[in-house]
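K.L.:
In order, the protein sequences belong to chains A and B.
Counted the way this note's numbering counts, the first sequence spans residues 66 to 635.
Counted the way this note's numbering counts, the second sequence spans residues -4 to 270.
Read the hints as simulated data drawn from the structure, not as lab findings.
These numbers were taken from a predicted model, which means no experiment stands behind them.
Mimicking DSBU-like on lysine-lysine, the simulated pairs with C-alpha atoms at most 35 Å apart in a straight line are:
#, chain 1, residue 1, chain 2, residue 2
1, A, Lys129, B, Lys149
2, B, Lys227, A, Lys133
3, B, Lys226, A, Lys133
4, A, Lys196, A, Lys251
5, B, Lys149, A, Lys196
6, B, Lys143, B, Lys226
7, B, Lys149, A, Lys133
8, A, Lys437, B, Lys64
9, B, Lys143, A, Lys196
10, A, Lys196, B, Lys226
11, A, Lys384, A, Lys247
12, B, Lys149, B, Lys226
13, B, Lys64, A, Lys432
14, A, Lys432, A, Lys506
15, A, Lys129, B, Lys227
16, B, Lys226, A, Lys129
17, B, Lys143, B, Lys64
18, B, Lys227, A, Lys196
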Amino acid sequence: MAEPIIQFDHVSFQYDSQAEPTLHDVSLTIARGEKVLIVGPSGSGKSTLGNLINGLIPHAIPGKLTGKVTVCGQDVAASSVFDLSQHVGTVLQDPDSQFVGLTTAEDIAFALENDGAPVPEMHERVAAVAKTLGISGQLTQSPQDLSGGQKQRTAMAGVLIDNGQVLLFDEPLAALDPATGKSSIKLIEDLHARLDVTVVIIEHRLEDVLTQPVDRVLVIDNGQLIADVTPSDLLHSALLPQIGVRSPLYLQALTAAGVDLATVTGIASVQTVAAPHLESRLRAWSAAEPAAPRRQVGEPLLTIQGLRFGYDRHTQIFKDLDLTINRGDMVALVGRNGVGKTTLSQLLVGFEQPQAGTMRFAGTDLKTLSIKERADRIGYIMQDPNQMISKNLIRDEVGLGLDLRGVPAAERDARVDEALRICGLYEFRHWPISALSFGQKKRVTIAAILVLQPAMMILDEPTAGQDWRHYTQMMRFLESLNQEHGMTIMLITHDMHLMLEYASRTIVLGDDGILMDAAPARVLSDTGVIEAASLAETSLYQLAQRFGLDPDRFTGQVIEHERQGMSHDE
Amino acid sequence: MTNNLFGFAAGDTWLHRLSGATKLLAFVGISLIAMASYDTRFTAAIVVMSLILFKMAHIHWRQIRLVVKLILVFSLLNLLTVYLFSPEYGVSLYGTRHLLAGSGYFTITQEQLFYELNLALKYVVTVPLALLFLITTNPSEFAASLNKLHLSYKISYAVALSLRYIPDIQHVYHQISQSQQARGYELSKKAGPLHRLRGAAQVLMPLIFSSLDRIETISQAMKLRRFGRDKKRSWYMDRPFAAADWAVIAGTAGIIVVGLLLFRVNGGRFFNPFR
Chain A
66 MAEPIIQFDH
76 VSFQYDSQAE
86 PTLHDVSLTI
96 ARGEKVLIVG
106 PSGSGKSTLG
116 NLINGLIPHA
126 IPGKLTGKVT
136 VCGQDVAASS
146 VFDLSQHVGT
156 VLQDPDSQFV
166 GLTTAEDIAF
176 ALENDGAPVP
186 EMHERVAAVA
196 KTLGISGQLT
206 QSPQDLSGGQ
216 KQRTAMAGVL
226 IDNGQVLLFD
236 EPLAALDPAT
246 GKSSIKLIED
256 LHARLDVTVV
266 IIEHRLEDVL
276 TQPVDRVLVI
286 DNGQLIADVT
296 PSDLLHSALL
306 PQIGVRSPLY
316 LQALTAAGVD
326 LATVTGIASV
336 QTVAAPHLES
346 RLRAWSAAEP
356 AAPRRQVGEP
366 LLTIQGLRFG
376 YDRHTQIFKD
386 LDLTINRGDM
396 VALVGRNGVG
406 KTTLSQLLVG
416 FEQPQAGTMR
426 FAGTDLKTLS
436 IKERADRIGY
446 IMQDPNQMIS
456 KNLIRDEVGL
466 GLDLRGVPAA
476 ERDARVDEAL
486 RICGLYEFRH
496 WPISALSFGQ
506 KKRVTIAAIL
516 VLQPAMMILD
526 EPTAGQDWRH
536 YTQMMRFLES
546 LNQEHGMTIM
556 LITHDMHLML
566 EYASRTIVLG
576 DDGILMDAAP
586 ARVLSDTGVI
596 EAASLAETSL
606 YQLAQRFGLD
616 PDRFTGQVIE
626 HERQGMSHDE
Chain B
-4 MTNNLFGFAA
6 GDTWLHRLSG
16 ATKLLAFVGI
26 SLIAMASYDT
36 RFTAAIVVMS
46 LILFKMAHIH
56 WRQIRLVVKL
66 ILVFSLLNLL
76 TVYLFSPEYG
86 VSLYGTRHLL
96 AGSGYFTITQ
106 EQLFYELNLA
116 LKYVVTVPLA
126 LLFLITTNPS
136 EFAASLNKLH
146 LSYKISYAVA
156 LSLRYIPDIQ
166 HVYHQISQSQ
176 QARGYELSKK
186 AGPLHRLRGA
196 AQVLMPLIFS
206 SLDRIETISQ
216 AMKLRRFGRD
226 KKRSWYMDRP
236 FAAADWAVIA
246 GTAGIIVVGL
256 LLFRVNGGRF
266 FNPFR
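Whole structure, please, built from the sequences with the hints as guidance.
P.N.:
Okay, structure coming up:
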């Protein structure tokens, strides 16, 4: 084995703020030049592991550390964040929240500035690293104004400039649209190959990371290292579903078709996966399996006609947009970053005013309604629940909208209780909100909107930052709202799986209005639309293509099969 | 997007091209001498000069409207309180008494009016200078210039970062306030001021919590790039002083000298037209 560069020797760590240790007795070795993926559900301790590599633990985040972490020959506990940063470059989850420079160039130069490097040298090195990452043209722009992919390149450039030996990526896919996510993973692979660095990626979206080669996968669950294996061994094992990490879709298709994973070779990529008689078995399964049912279409609830809007005269976001949402729809609104998905919802709820066009909701012209009145009809749930919550106690928060509408106490309490029951929060009703998890907080914000009894809800990235288990819980809950309570739901999302699995209809927004309005599986079978909207092909599509199956039908069948399988499990 | 309360506006006038340190020095120097001097001719001349500079920096009225109005209200209040507390302060200062109106405690004298005019001029003189500095200095250079004046770079950077985040925080405030309005808080002009104030308080809590999260993330991100390790750092945007910088510094020095000379001519800080 090559020279070890990162070593954990019986490491345990407990945050000062927590009653239980987050990591238990973890021992592992990463060799120089390796590319390693760390997976695990939220709260498993995988980010803690990352923070032990870059020294934020124990130097910036206090807690009790036992055992020894060695990185590039230095004992992490005896070193400092500063010294370690010369060796380990860390790219944090959300590039937006870590930019400090006013321009891209300054942000890239930040580490050098702190080293007191001479100005001409900085300009030279910034230019060189910007060229490596293909952002030379953006140097004078503000990092906030860049596209998602360019932002991430800027963040990478800011750590690459140190010429460190280890690159650490903490959930690099979280803030990116599917196409950008794919190219980021590819870029990381390029850097790994070209710069001869050791790469550590922390991510729970396993399938996306595995689209490029990875040497080893470390699986963390409940603070323990439960597997240290190659990607193929991991995929052959039954470990993933057990710990709540989603296994790749193409393997779910194989399982659905009754293929024993033990007989599969080339399991790590959809392009190489093979098994005895795979093609004929998939074909036979697809022929026998009923096509995914088409959902019934309700009467029109929201009708948008000739909508025009732009934040300023030069950039028109919507020109004559027409759109109808039907009662009972579960719509996924997708498209590139900045194409106007959030703007559309803000126009609907009255945060922004259209320049022209009409929006009618159940026969009422929305123009005649105030923000407050619209909220009684259309609820809008922001991505970050912390931006919506303003009370300390759950009951107060959920009841707030009713209090402000002067609803009598008895009715208020009954409606609050009902909303809490629907959202599965009734048992927590007297809890302070600060004691809840992220997903639970999100439910509180949903309950607080639900209590106003709107006919439609818009949710901005309802599952962002949640692992598969929490994601599934959240989506099942939204699905039951949709199916059992007749709520019309519009989901703004980047998540192709979410859209495939839960949406009855996908609306793809492009620069010139609606690119496509069809069933999710159809959208993901249209290469032109996929490219124009920065979506990504799923591996089901690629699998169907490889074996000459109808991608639309096949995708729908596999997803339907998986959904049914999951409901049997419960 | 919301408008910036005040903040850097990119431009390419000679004022924008000056080094941040030069502008800071000039701003501090001229403000100090203008604050110290009660020579009406001197302060009035500086007011005129800063208005000309405004024109030269292509600053528009709408960029500064809000701040100027706020400051006007506060200075008027201040002038009023000064009068209420000692309506005859001007008399004791200038040593003469030219009564215009009133008797007893509340009198109006030429001396008091003149004194308050001087006070008003002082408010008027520093505000355009400060705005000029803030609007034409890009925040990263602002930090560099504070640091050049031997203020610790950590503090300099903190100041610059908070200036840079003003638009961001305004944006988040806007979002939160909209979501609160959807819940039923009336924050528009329809509601009374007390009601709006209470509603605004509801926005602050989520704003503070989400800002605290951001601060933690950014401070970790900065540590990971060695911010705060050494006593000194360099600045990517650092510009060597150009001829214009030296000229402005010389000009500033000249103004200060004139101000000081006037102290001698007037025999003190006060210019006294009543003698």
